[in-house]
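J.: From the two separate chains plus the hints, produce the assembled complex.
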Amino acid sequence: MKKRVYINSVGSVSAQKTFENTLFLEEITSYNDTTMGVINPNYKDYIPPAAARRMAKGIKMSTVSSKTALDEAGLDNVDAIIVGTGLGCIDDSEKFISAIIDNKEQFLTPTRFIQSSHNTVSGQIALGIGCKGYNYTYVNGATSFESCLIDAMIQLQLEEAENVLVGGVDELVPHHVNTHRLINHIKKIPVESAHLLASKTEGCVMAEGAHFFVLSEKKQASTYAELIGVRTYNILAQNQLAQTVTAFLKEHELSSDAIDLVVLGYNGDVTFDPYYDLLAKGMFADTAQAYTKHLSGEYDTAGGFAFWFASKVMRTGTLPAVAHLNKVAITKPKTILLYNQYRGEYHSLVLLRQC
Amino acid sequence: MTDLKLELKEKIIEQLNLEDVSVAEIGDKDPLFGEGLGLDSIDALELIVMLDKDYGIKLADPKEGKQIFESVETMAAYITSKKAG
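Heads up: the sequence lines are chains A and B, in that order. FYI, our numbering numbers position 56 of the first sequence as 56, with every residue one higher than the one before it. In our numbering, each residue's number is its place in the second sequence (first place is 1) plus 1000.
Excised from the complex, chain B in its bound form (with noise of 0.2 Å):
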């Protein structure tokens, strides 16, 4: 799980460009949109990509996505739960 936040720590700067983010800047509950990493529906579109191609999870009920998208734990829990299930 600890791996897992890490990587898409990794990814999510890489795919949306946030050059002036480092990893250790992501806090693992930080708010991925609005206050925390401010992204938009832009990103949130680049992020259901993302699980799709990186983790061959495709998003059902979009408005799964804002729950998902909350912050990187939990991403990685949603991630996690759909490989073991």
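If we strip away everything but chain A, and leave its shape as in the complex, we get (with noise of 0.2 Å):
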């Protein structure tokens, strides 16, 4: 029999007041924009400011997250750290390969190159926490957090470890935000936060965030839900997706009717959101629904903001409102899925329990 998994704790820096983790979402702050920045907590509350000065934003967040999250689980060490990311510190990229540019290759120091690495959140965060044990990066665009999840849980499963930090980060930054525009895949009119599944325009609200959460296999009494499942899939033609979800609830002996509750990642794209309409309006259409990407912006690791969403729906037992898709009522759900997908690829899947 597999071991269970459990949320045992959660740490969010996102578009939304969520760096309180006492709160959940009572405080809504609306956008009217085509990119979102985070609420930026006091960094100087959590990070001395001798390590802060060379600390990109990424690793800011991610220190802030990481330590809520740490605190709630009543850690000071876990035995192994895992972040997803889809483009890294790439404000200090940006900086360092503008640097290079701009001295025609001269006057180079190591100091933005250090932190533009992928991996420089997993490691900062273990050096400052003196983790030694097992730390990984992955970078799979969209589906980034939820591969940490994944293996976040086999390590927990086959009892390689007992606690695992577990997160996602991403940036907001000019260049990245400059180049995506010209592409359409960022919208060209600012939508207000409240009608941006009215919209119908091409392209997403970029964002930024760092989510981070300890995962544990033994229950305790900060304990969230317990994580049943998750699966991603690089390429998912839409005649494809209701089939998968089925065999997805099927492995683990489900069906959509034991789903009380669906989060789509719908994030105003007129050409990617029927991927969520064909579950909205299909299998799941009389299962309460919740959307989250209009409180956080859309970006590779957006999934952890659903999954901290989720977690919190999950602790609270009530669907803030504000997230609520449908009109069909819920109470307490014992069991909710989440769907995600950018640009029709980079689809995941995650299934939480109430425990």
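Among the clues, some could well be false.
As the list claims (entries may be wrong) - Facing chain B, from chain A, some residues (calculated, C-beta under 10 Å):
#, residue
1, 52
2, 54
3, 108
What the hints assert, rightly or not - Computed Cβ-Cβ distance ranges for the label pairs, DEER-style:
#, chain 1, residue 1, chain 2, residue 2, range
4, B, 1081, A, 20, 51 to 61 Å
5, A, 233, B, 1040, 39 to 49 Å
6, A, 180, B, 1029, 44 to 54 Å
7, B, 1064, A, 233, 55 to 65 Å
8, A, 274, B, 1041, 47 to 57 Å
No lab work stands behind these hints: they were computed from the structure. For glycine and all other residues, C-beta sits at the position ideal for the given N, C-alpha and C.
T.: Here it is as structure tokens:
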């Protein structure tokens, strides 16, 4: 029998005030833009200034988020740190490359380079807490975070680890935004958060965030939910989606009727949101539905925000009205399914159960 | 020389991202490394590059660095002597 995997704590820095871990979307920040930055905590409350001065924003966000998760789990250290990121600390990467160009390959210093590698975040967290265990970074586009969940589940189920810190982080930076705007991956016209799904335009509202969780083999007072299953698919045609979801649920001896809440990754992109429509209007038409990207924006690890959201829903037993997508009422959901994809690729299914 | 010291302090703060340090807080003779500003070896590299890029001075012997980067005053004196020479 497989060992169980519990979500024992959460930590998040996002476009909402999620760094206050005692709150759950009581205060909503609305945007009317094509990008959304995070609401910054006071980083000095978490990171000594001497350490912070060389940290890229992604590292700072992750430090706060991971500290929040570790504190809630009551842990000083973990057996493994697994971080997912689509772009790493791209702000420093951009600055380093710009310096190469501007200075004609002269006068290069190591600081930006050191901080710009994708695995900087997991390394910095490990240095901060003195973790000499397994340290890994997944860079798998929009399934980077979900890949971490799979790895952590395997580690816990094989008893390779007892407590694993898992997280996802991505930064919002000007050059990346400009290039993605050019190819219509970001909306041309600002969209008000509440009207994201009604925009009917191409592209998304791009954002940033860092979300960390302690996954453990043992349930404790702080436990949010049980993580039952995760699966990722690089490519999935629309006509394969329903059968793929059905097969995933069957693997866990469930049918669509057993899902109390489905969290869909709608990001307002008229070209790719039909993937979600297929489930929302099909097999989950009579199931309570939620969406989160009007709150978090889109980024490669936005699945981490949805995972944070689902964990909070599980713990509180309430679905915030701001994220409720349809009219099917729900209280105290027992089983939550998350489905996400980005531009028709990088699909993921994540299944949580009340415990 | 006074202007150069002020300029160096501003550059050090900006280059090394010393967000919580103001120009007024850096004394001319304060040690830059160790107990003073607490800079480290990566900062030393940044300062060497700064000398080269902003003042056209290449440090021929890295061992000289210990004396040159002792304080803002020693840095300013080194730059002034190199420019005069």
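J.: All the hints need checking, so say for each whether the structure fits it.
T.: Status of each hint after checking the structure:
1. 52: At 8 Å from the nearest chain B Cβ, residue 52 (chain A) passes the 10 Å test, so the hint holds.
2. 54: holds, 7 Å
3. 108: holds, 7 Å
4. B:1081 with A:20: 51 to 61 Å: Given about 55 Å between the Cβ atoms, the range holds.
5. A:233 with B:1040: 39 to 49 Å: holds, 46 Å
6. A:180 with B:1029: 44 to 54 Å: holds, 50 Å
7. B:1064 with A:233: 55 to 65 Å: Between residue 1064 (chain B) and residue 233 (chain A), where Cβ atoms are some 59 Å apart, the hint holds.
8. A:274 with B:1041: 47 to 57 Å: Given a distance of about 55 Å, which is inside 47 to 57 Å, the answer is holds.
In this structure, every one of the numbered hints holds.
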